[in-house]
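Trainee: Listed below are the residues making up each chain.
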Amino acid sequence: MSVLTAPVGASAPRTISGPARITRVVRLHYVNWLTSVVLPWGILMLILGVNLVIWYLIRAGTGETNLDQSTQYTGSIFYLLVYQAILAIVLMSTTFTYSLSLSSTRRDYYLGTALMFVVHSAMFTAGFLLLSYLEQWTHGWGVGGHMFQTIYFGTGPLWQRAFTFYFAMLGTMFLGSIFGAVYVRWRAAGLYVVGAVFLLAVLAAGTVIVRTRSWEAVGAWFQANGSLGVVAWSIPLAAVCAVVAYLGLRRAVPRA
Amino acid sequence: MTTATPAIETRGLTKRFGAMTALDDVTVTIPAGSITGLLGRNGAGKTTLMHVLTGQDFPSEGEARVFGQRPAENASVLQHIAFIKESQKYPDDFKPKHVLTSAPWFFENWDADFAAQLVDDFRLPLNRRIKKLSRGQLSAVGVIVGLASRAPLTFFDEPYLGLDAVARQIFYDRLLTDYAKFPRTVVLSTHLIDEVANLLEHVVVIDQGRVILDSPAEELRGRAASVIGPRAEVDAFLARGRVETLHREELGGTASVLVDGIDDVVRADALNSGLQLTPVTLQQLIVRRTGGVLNDAAAPAAEAAALRGRRTAGARR
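Quick mapping for you: the protein sequence lines, in order, are chains A and B.
Count the first sequence with the working numbering and you get residues 117 to 372, in order.
Count the second sequence with the working numbering and you get residues 636 to 952, in order.
It is worth saying that the hints were derived from the structure and are not from the lab.
These figures come from a predicted structure and were not determined experimentally.
Ideal Cβ positions, reconstructed from N, Cα and C, are used throughout, including at glycine.
It is possible that part of the hints are untrue.
[Unchecked claim] Far from chain B, some chain A residues (derived; all Cβ distances over 12 angstroms):
hint	residue
1	L144
2	Y146
3	G165
4	Y199
5	D224
6	L246
7	Y268
8	V324
9	W331
10	I351
11	V360
12	P370
[Claimed, not checked] If you want a taste of the chain B side facing chain A, the calculated C-beta under 7 angstroms gives, among others:
hint	residue
13	Q691
14	D692
15	S695
16	G697
17	E708
18	L713
19	K724
20	Y725
21	D727
22	P739
23	F741
24	W745
25	Q911
26	L912
Model the full assembly from the supplied sequences, consistent with the hints where possible.
Mentor: The structure is reproduced here in structure tokens:
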């Protein structure tokens, strides 16, 4: 009775390729780039500004002209990592339902989200590298301060700076994705359980270390490996997080 | 020319949530290239059925096929589906413009001009946070995506909550016009049965997770009517057991009985008995079938059924 001009079922003229289905999920995560790009960089620049003022005040107040030693332990850059972990959770909890309403499969959604983490980490690593060299060339923004060259990140040759920051951020996002997937699948109740499990695991590890009197060994391990080694060791952990998040998401049902 | 494969086919489809059975042995076929009304009361299982058909949820038992394939996690089927629901959640920081930017990436038939025209029609503010939209504006976002996506299979689940009568009429008009130009399969779930009755080509009615009607709309309209006449004549007519009584009202010596199962024979019988047959609306028929009376009540049981009152749904089957 009706002439079907639109593709229907098996007679559909073309199938959207796997890569295209995945990249559109990446684009979806950036459709409101204020949250994912502008805000984190903006806040980071604000932190830099606050640090600059403090460094200037310290110099003016103490007459100390070389802040090299005292500012190397700043953890300002960790803000960026925490933000990305939370971003991973927020993105998943909000775009999962929306993506599925646009008829994405869970698999395509997850692969697209994981690819977004990869792209996002690369973008932020590029910015971080630029800032770490700027800081180096300007001798700590003119006041000997450190924010992008600390004992954790941003020192050593280019590849080392890129490697440590990139995989630290990627790992953080995949860690966040576990919480995102748990929230999407089991809602708040799931988060309580995972949070409790997480806490118990940390407590158990602490207990074992105390009982075996191996704090020194643990400290020595971190010292010996440095941030480069620690980040390298975290890569398999990030891979495990990625798999766990996928398993959680695979049977998740969007809820109103 | 209709394709051999129906758009939707389910067999013994069952969905349980814990002890609650949301879909109970649902077997329906929805033809491709039609506008189908998926009707029923709140909590009847309409949304659950659409969730399973769009791969948002997984069946507990039985099978759901869309264009001949299982929809769950099946990209080649899902890419042809648009699912618009009243309760759709959008990312918190989204504005309508973000939805209208991203949705086209997912629907290959998307028509941007049509979408822009609909934005004007519904007077949708594009740059306001979705959270700040009125209920009607929120519904308009979904309606625009559902229409402009021109997906081969489009589900509208209560799409127009909060839309005023004008906006609803715009929706019906645009849907019909666009459907005529770009035929596709539309499944429309709504409570406003009378408003959409003229759009529907096929009707599926669900009650308490079970399919109680699945037929072309035209057939449905003809087969139910009110039989009006002197009580004795009406009772005699009903006693012949050719029709099913759905609802009965009496005033003085006159009885008016809503019956299902009218055909030429029955029609002639009623007219010969001096009874009046008046057509009933789709809404009346469905209200009576899903809320009123035992639906297996045969004519002789009409009196008893009427006495048992309206809310005997639990005792059904």
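Trainee: Give a verdict on every hint.
Mentor: Outcome of the hint check:
Not every C-beta of chain B lies more than 12 angstroms from that of A/L144, the closest at about 5 angstroms, which undercuts listing it as non-interface. For A/Y146, the requirement that its beta carbon stay farther than 12 angstroms from each beta carbon of chain B is not met, with the minimum near 10 angstroms. Residue placement check: A/G165 keeps its beta carbon more than 12 angstroms from all beta carbons of chain B (closest about 25 angstroms). Look at A/Y199: its CB is around 15 angstroms from the nearest CB on chain B, clear of 12 angstroms, so calling it non-interface holds up.
Its closest Cβ contact with chain B, about 6 angstroms, brings A/D224 to no more than 12 angstroms, contrary to its assignment away from the interface. Interface exclusion of A/L246 from chain B stands, the closest Cβ pair being 27 angstroms apart, more than 12 angstroms. Interface exclusion of A/Y268 from chain B stands, the closest Cβ pair being 31 angstroms apart, more than 12 angstroms. Distance check for A/V324 against chain B: the nearest CB is about 39 angstroms away, which clears 12 angstroms, and the non-interface claim stands.
Every CB of chain B lies more than 12 angstroms from the CB of A/W331, the least distance being 43 angstroms, so the non-interface label holds. No Cβ of chain B comes within 12 angstroms of the Cβ of A/I351; the nearest lies about 29 angstroms off, and the non-interface call holds. Even its closest Cβ contact with chain B, about 19 angstroms, leaves A/V360 beyond 12 angstroms, as expected for a residue assigned away from the interface. Not every Cβ of chain B is farther than 12 angstroms from the Cβ of A/P370; the closest lies at roughly 6 angstroms, contradicting the non-interface assignment.
Residue-level restraint check for B/Q691 holds (minimum Cβ-Cβ distance to chain A is 6 angstroms; threshold 7 angstroms). With its C-beta approaching chain A no nearer than about 5 angstroms, B/D692 sits inside the 7 angstroms limit, and its interface hint holds. A distance limit of 7 angstroms between C-beta atoms decides the matter here; for B/S695 the minimum to chain A is near 12 angstroms, and the interface restraint is violated. For B/G697, the shortest C-beta to C-beta distance to chain A is roughly 18 angstroms, which exceeds 7 angstroms, and the interface hint is violated.
With its C-beta approaching chain A no nearer than about 5 angstroms, B/E708 sits inside the 7 angstroms limit, and its interface hint holds. Annotation: interface hint on B/L713 holds; nearest CB of chain A at approximately 4 angstroms, less than 7 angstroms. Annotation: B/K724 was flagged as interfacial toward chain A, and the flag holds, the nearest CB pair being 5 angstroms apart, inside 7 angstroms. Interface restraint check for B/Y725: the shortest CB-CB distance to chain A comes to about 6 angstroms, inside 7 angstroms, so the restraint holds.
The criterion of a C-beta within 7 angstroms of any C-beta in chain A is met by B/D727, whose closest approach is roughly 6 angstroms, and the hint holds. With a cut of 7 angstroms, the hint placing B/P739 at the interface with chain A is violated, because the nearest CB-to-CB distance is about 10 angstroms. Checking B/F741 against chain A by beta carbon gives a least distance of about 4 angstroms; that is within 7 angstroms, so the hint holds. Restraint check, B/W745 versus chain A: the minimum CB separation of about 11 angstroms is more than 7 angstroms; hint violated.
Hint status for B/Q911: violated, given a least beta-carbon distance of 34 angstroms to chain A, over 7 angstroms. Against a cut-off of 7 angstroms between C-beta atoms, the interface hint on B/L912 is violated, since the closest Cβ of chain A lies about 29 angstroms away.
Hints 1, 2, 5, 12, 15, 16, 22, 24, 25, 26, counting from the list given before, are not met by this structure.
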